[in-house]
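Chains as they are written, first to last, in the numbering used here: chain A, 1 to 504; chain B, 505 to 837; chain C, 838 to 1147; chain D, 1148 to 1488.
Quick caveat, the hints were computed from the structure, so don't treat them as lab data.
Don't be surprised by glycine CBs; every beta carbon is placed ideally from N, CA and C.
Careful, some of the hints might be misleading.
Unchecked claim - Restraint ranges, calculated between C-beta atoms of paired labels, are given here:
#1 B:L531 / D:P1312: 31 to 39 Å
#2 B:V595 / D:R1450: 26 to 34 Å
#3 D:M1251 / C:R991: 31 to 39 Å
#4 A:Q375 / B:L683: 26 to 34 Å
#5 D:L1332 / A:P320: 31 to 39 Å
Stated by the list, open to error - Some, not all, of what chain B presents toward chain C, calculated at C-beta under 10 Å:
#6 T535
#7 R621
#8 P625
#9 D652
#10 P654
#11 F656
#12 D746
#13 N749
#14 S772
#15 N788
Unchecked claim - Which stretches of chain D does chain B cover? Using the computed rule of at least three CB atoms under 8 Å from a CB of chain B, they are:
#16 1271-1279
#17 1412-1419
#18 1463-1477
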Amino acid sequence: MTDAAPILALHHASKAFGPVQALVDVSLELFGGEAHALLGENGAGKSTLVKILAGVHRADGGDLRVDGQPRTFHTPAEARDAGIAIIYQEPTLFPDLTVAENVLMGRQPLKGGRIDRHAMDAQVGAILTDLGVPLDPTRPVRGLSIADQQIVEIAKALSFQARVLIMDEPTAALTGQETERLFRVVRTLRARGAAVLFITHRLEEAFAECQRFTIMRDGQWVSSGPTGTYTIDRVVRGMVGRDVSELYPKQAVTPGDVVLDVRNLTRRGVFRNVSFQVRRGEIVGLAGLVGAGRSEVARAIFGIDPRDGGDVQVRGQPIPSGSTAAAMTAGIGLVPEDRRQQGLVMDMSIERNATLAILPQLRRGLLMDRAAEYQTASTWTSKLRLKAHRLTDPVSTLSGGNQQKVVLAKWLATGPAVLIVDEPTRGVDVGAKAEVHRTLAELAAEGLAVVMISSDLPEVLGMADRILVMREGELVGELSRTDATEETVMYLATGQQAARGSVA
Amino acid sequence: MSVPNRPKRSLLGWEATILALVALALLLGSTLSDAFLTAANLSNLSSNLVEIALIALTMTLIVIAAEIDLSVASIAGMCSALLGVLWAAHVPMPLAIVLTLGLGTLAGFFNGWLVTRLGLPSLAVTIGTLALYRGLAYALLGDRAVADFPPFWTNLGFGLVPGTQIPIPIVAFVLLAALTAVVLHATPFGRSLYAIGSNEVAARFAGLRVERTKLLLFTLSGLMSAFAAVVYTFRFSSARADNANGLELSVIAAVLLGGVSIFGGRGSVIGVIAAVFLIGIIQNALTLADVPNEILTIVTGLLLILSVLGPNLSAQLKAAYGRRGRAAKGGAQ
Amino acid sequence: QPALQKGITIAFLPKQVNNPYFTTAWKGGQAAIKEFAGVGKQVGPSDAGASSQVSYINTLLAQRQKAIVVSASDANALVPYLKRAMGQGVKVVTYDSDVAKDGRNVFVSQASADTIARDEVKLLAKQIGNKGEIAILSATPNATNQNAWIKVMRDELTKPQYKDMKLVKIAYGNDDDQKSFTEMQGLMQAYPNLKGVISPTTVGISAAARYLSGSPYKGKVALTGLGTPNQMREFVKNGTVQGFALWNPEDLGYLASYAAAALVSGQITGKEGEKFSAGKLGQRTIGKDGVVILGPLTVFDKSNIDKFNF
Amino acid sequence: MTELSTPGAPLPAPPHLLSRLFKAREASLLVILLALVAVTTALNPRFLSAQSVRDLALNVAIIALVVVGQTLVLLMKHVDLSVSSVLGLTAFLSGSLFVANPGMPIWLAFLAGLGIGAVLGAVNGLLVAYGKVPALVATLGTLYVFRGVDYAVVHGGQITASNLPAAFSTFASGSVLGVPTLVLLVLAVMVGFGIYLRSYRSGREYYAVGSNAEAATLAGINVNRRVLTGFMLSGAIAGLAGVLYLARFGTVDAAAGTGLELQVIAAAVVGGVAITGGVGTIAGAGIGALLLGVIGSALVALRAPAFWQQAIQGALLLLAISIDIILARRAARAMQERSHR
Ligand SMILES: Nc1ncnc2c1ncn2[C@@H]1O[C@H](COP(=O)(O)OP(=O)(O)OP(=O)(O)O)[C@@H](O)[C@H]1O
Ligand SMILES: Nc1ncnc2c1ncn2[C@@H]1O[C@H](COP(=O)(O)OP(=O)(O)OP(=O)(O)O)[C@@H](O)[C@H]1O
Ligand SMILES: [Mg+2]
Ligand SMILES: [Mg+2]
């Protein structure tokens, strides 16, 4: 079903940001009716490539053709008008506007020159129902979870007849069912002859959905070809340039005494009576569908949100409600789910971000201890094999995955007794993923108690000693490592038989 | 929140620039009038800046933490009025001063409370208290003016360090400036201000005590304004409800000119001090050269704009040039 | 008596440089300076604030001006700085608005506070038949001369012939046209039975007149005070205002210049009884506390207003 | 929030929650406003007399007009401090046009005001949009510069009513069906922009830019051009206000409009326009301006002691903002709890 001529072809593209050479002589061809997987490590240059196709960045060199015609996109508008729809890696929404207006901004249906709000809401409502998501088109986007925001992004891209659909890690925040729905829509688009570019760090998805692969490393093109010619190992070797250690290096540990004890934790309208314990050296997985309220539980435990009921104890000593400082001194750490808003101070240096959580300790007398600051930062960033130019660069210049590593470094630096990680490997490549998992496993082995919230089921299954499952703000069940499978977890999470072929 | 149009400029670069500008201004002054580079003139010049300079110190901290305090001048006016009322009521001066500083601290705390507890935007809050505190100043002192302050105290505001041409208040300023610089640039607390300023949410998730910090900043700002009010009152040996009226804009202008980003997260004490004196020197020099007042106003405005526009444009030009360079390379391959 | 020296440097320092009243005064001052071949200039802030005036005093000092002619925006704040100036041999003359008397050599007063206050009250009393509620629309609450006049007006009103006149309110227009305008509105709302208003400030009275002439109170509520003929002409003609008073600001500046020159030339020192000649204004004598009085107020009304142009 | 996370949950139906929320906020303001008027009138019936209502309307009109422009700018997460200087400058310049050629037709003055204002606004716009100067810095700078230029041209002179053609002055005093012409004009402008912001694509762009500029660019909006236009409109409106100021007050000197900028921003904020951008309506801003105006004249009408008025005004201003934010917070919280169930 592959057409002879590519709809979109990019040849010998290069792009540099100051000293950083993000892309070097990369070529890519997208054919109608075909899904094309773009795979590469964090920082390989995938998003940069996308942004060039989107008209966000201008390539320093190279040539771009649509239907064989040479084109240059100066603005995103031009790319859009050429029929290219984009789902960016980071949600780019208007928090103050309604879902409907976010989807159709600039293209609102008109009646007599004026915006026809009913038509607008109806149109978007239809798209959302297509995706099987009952989001209210008239509600403001502010307050939507990452996942729901990602859904709106997808709706935006689907809202006009795109001939090329480019998706930069659309599934990073989604669970099986939503992913499955997205793919169903993608298939229908392909059937209509559209070309699809799909970026993901979940190789299973790539193999399941894509007909053609392109692999990048360090901003350079490595290889392209039909899916059939690739195996997981070949892909990984191409991406990482070496063989990756085992992805889930879980070490067997005998749990010690209780470190974290949560009793009847309640936050009105968000979650109710959540109780569980975590022991020394244990990794407890917190599974559930997006929106189940896992992040909220984490936030309440860490004191970001005040709790309406219940109590939290660390090593037997209770922690006051709504005090992050108290939670930290008690030895709790939280790696939040939204790295840009909650995890990082974007235009502060890597070094300073990595040491932000231990700022008070970094003093000699009353003054800053710069040496200690640099030491800590470099220790942890190198432990996590951070790919960065200099430690004094602002984190904003790092790729998504590398930014996530900085957040991890920040919390590992506090040497916590309990570490809550919310989507710790969202948008993190296989290589880095393995390192993150290894680090967590090692720390657990050294006696750290870990709570792992993740929408990536294999990750939870692979790493957790016990798995707690949440549904609609309630703890609905607990599974031991042995009898936890995708099916059993999904069953609890949904309260029904898991949808067929759910990946995640 | 990632803010658009955040001016990207290397601070060091900017401080160098503004210090150079100060030197330039001194040169200009001495060429414009031989009366300029006299100890007496410089001494007058600086003593006229002292209130602005003092308040600018705390304003710097607040703006770096991405807040703003427009009520400083009104707090000063209110405190000056109180000092007058107390003195007129024969309260012993030391006590009167303590009470005045207390009132300022209270006023600042109230600002902070409204901002941190009610979560109101500081711009809105301090526009409100700007009216409130100035109003209270009139409520306190009405149309009266208290002037008969004892020479010992007025001399503290007006006089010079014996045997020098250094105004006494300037000494206080230098000490406070040094203190502020150390706190901001060399302590974890100072570091945390930058973090809070550029991403409050992330700062909170990192366990920094955002509310407490901001509350402290506004309270300090109030205390500093009160101190400035005491200096002002003694320097002019006159307590009136309209004292220090409109000072807030001069302070903010100086802070911004000093390279502090209005969006928070950027700025330094040196830059701000340099800016305060840059404005003062230029105005003094031009006045000595009988440049009419309206020109002074225009110059102040232009300085402010150019301080940001200059670095931005040069950066944009560099970027544009670089792109063309690379594009050429790219095309070649 | 020594003659006036040539080339005396005199600097006028008004409360505000872009206030029409002071611009007119400066015209007179300049004229005088030309007559005795001095070197004059007017400098000053655009905002009426003590601190900004002080920085000007300092620069004038640095420029070694022979005399400073200042209208003080704060009676006390300037004193220490003016004292310092006098200490260095600079002669200080205040005009329009005085400072504490040890802060200057001579005060050139438009007219004694008593005259102004009495004339104003008398003027209004005549217009409202010595009967009814009255209000005062002043400038800023801290304007020294305003407060001096208001004080005299208050005890003037305690006199028997004014027993039926009741001062119900003192409003402040801050010498800002719009503020004065709205304050006048407020007065009419808050005090339905208001019979008359005194506004001893040129800004205030013209704003008040404008409000009245466009309102139903026109002609029913009497308005008087201090204003310039050009500002008030139309309101006198359309019957909003029967009469108001003022001195000639040009003469005020003129006299101030001569006083300064006389001081510099050593003709006078500021002691009571000293005499000096002030050009077209003739021989002048220094009164108590070093005050020189310009003279009685001119009262403007339909009959004479067209004779004046300032 | 997905179907599976809330099995068989009914669609959270009630539409236009957002707009209802805003309406609620405006409603809360209206309540405060009415209460204030009621109390004042009870204590001083003349407060609602034809004359004083007319005066009030005229006072508020000019501020309200400037607030319209300010709202455009605030929506884009910027701010325009220079409006006061723009107003002062245009007021004097259009006045001196009359002085120069007395026979000049009225509409020419309005045209001049709009034109001059637009040019001055363009300066701000260029600085912010293309010079990447933060709006607060840029407009604080131009606040000084424009005022300085004003001082320079006025140079201690002034325009007085006698310089102006009668027809022009009556524009303020004259009225249609008892409503002053000046007020009608302002209302027309407000209604126009109200509709524009609510239901035109380019109108919505102001919200988009202020809500998330990066996303706006990606949505194909030319952010720079939008920002430039916004500032030009703000300037033009301030310019128009300058002409109206001249018509209303007849006298204009170098100080005209000084300090207006804070009143304008206060009005907008009280009216629920968020300084953080993306939130607010013209209606709200208008009510905000009206509220401040009423507070001002109510205090006078109630014979509040002169020296306490400003203090009380400040306190009431704070109160209004606080009440508003608390109500808004409530609504938001309620909505979040809905979204979870
Ligand atoms: N705006 C920028 N300024 C400077 N450097 C940048 C910028 N954007 C990207 N880079 C650099 O370009 C390289 C490629 O980044 P990119 O985001 O394309 O990686 P990626 O393949 O998308 O990684 P990930 O899978 O984590 O999203 C990285 O080294 C990154 O640091
Ligand atoms: N910042 C927020 N403000 C208001 N509501 C929120 C916010 N974040 C999430 N929610 C809501 O809370 C619910 C749960 O949030 P969230 O989706 O983060 O839960 P979760 O189980 O942590 O999902 P995940 O962690 O996979 O994103 C969602 O319905 C979402 O709408
Ligand atoms: Mg990416
Ligand atoms: Mg979550």
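**Report entry** Closest C-beta approach of R621 of chain B to chain C relative to 10 Å, hint status
**Finding:** violated (34 Å)
Query - Hint status (Cβ of T535 of chain B to nearest Cβ of chain C, threshold 10 Å) - result: violated (15 Å)
Requested in this report: Tell me if chain B covers the region 1463-1477 of chain D under the three-residue, 8 Å CB rule, please?
Outcome: holds (count 7)
Report task. Using Cβ atoms only, decide whether D746 of chain B comes closer than 10 Å to chain C, and label the hint accordingly. Result -> holds (6 Å)
Query - Range hint compliance [Cβ, M1251 of chain D to R991 of chain C, 31 to 39 Å] - result: Violated - the Cβ-Cβ distance for M1251 of chain D and R991 of chain C, about 48 Å, lies outside 31 to 39 Å.
Query raised in the report: the region 1271-1279 of chain D covered by chain B? Criterion: 3 or more residues, Cβ-Cβ distance below 8 Å.
Result: That given contact holds, which follows from 4 residues of the region 1271-1279 of chain D lying within Cβ reach (below 8 Å) of chain B.
Requested in this report: Could you check if S772 of chain B really has its C-beta closer than 10 Å to a C-beta on chain C?
Outcome: Interface hint status for S772 of chain B: violated (27 Å vs cutoff 10 Å).
Query raised in the report: Per the hint of 31 to 39 Å, is the separation of the Cβ atoms of L1332 of chain D and P320 of chain A within bounds?
Result: violated (59 Å)
Query raised in the report: In this structure, is the beta-carbon distance linking Q375 of chain A and L683 of chain B contained in 26 to 34 Å?
Result: holds (28 Å)
Query raised in the report: Are P654 of chain B and chain C close enough, Cβ to Cβ, to be under 10 Å, as the hint says?
Result: violated (13 Å)
Query - Interface hint outcome for N788 of chain B [beta carbon to chain C under 10 Å] - result: The hint holds - N788 of chain B has a Cβ within 10 Å of chain C, the shortest such distance being about 7 Å.
Report task. Count the residues of the region 1412-1419 of chain D whose CB lies closer than 8 Å to any CB of chain B, then report whether that count reaches three. Result -> Coverage by chain B holds here, the residue count being 3 at a Cβ distance below 8 Å.
Consistency with the previously given hints fails for numbers 1, 3, 5, 6, 7, 8, 10, 11, 14, ordered from lowest to highest.
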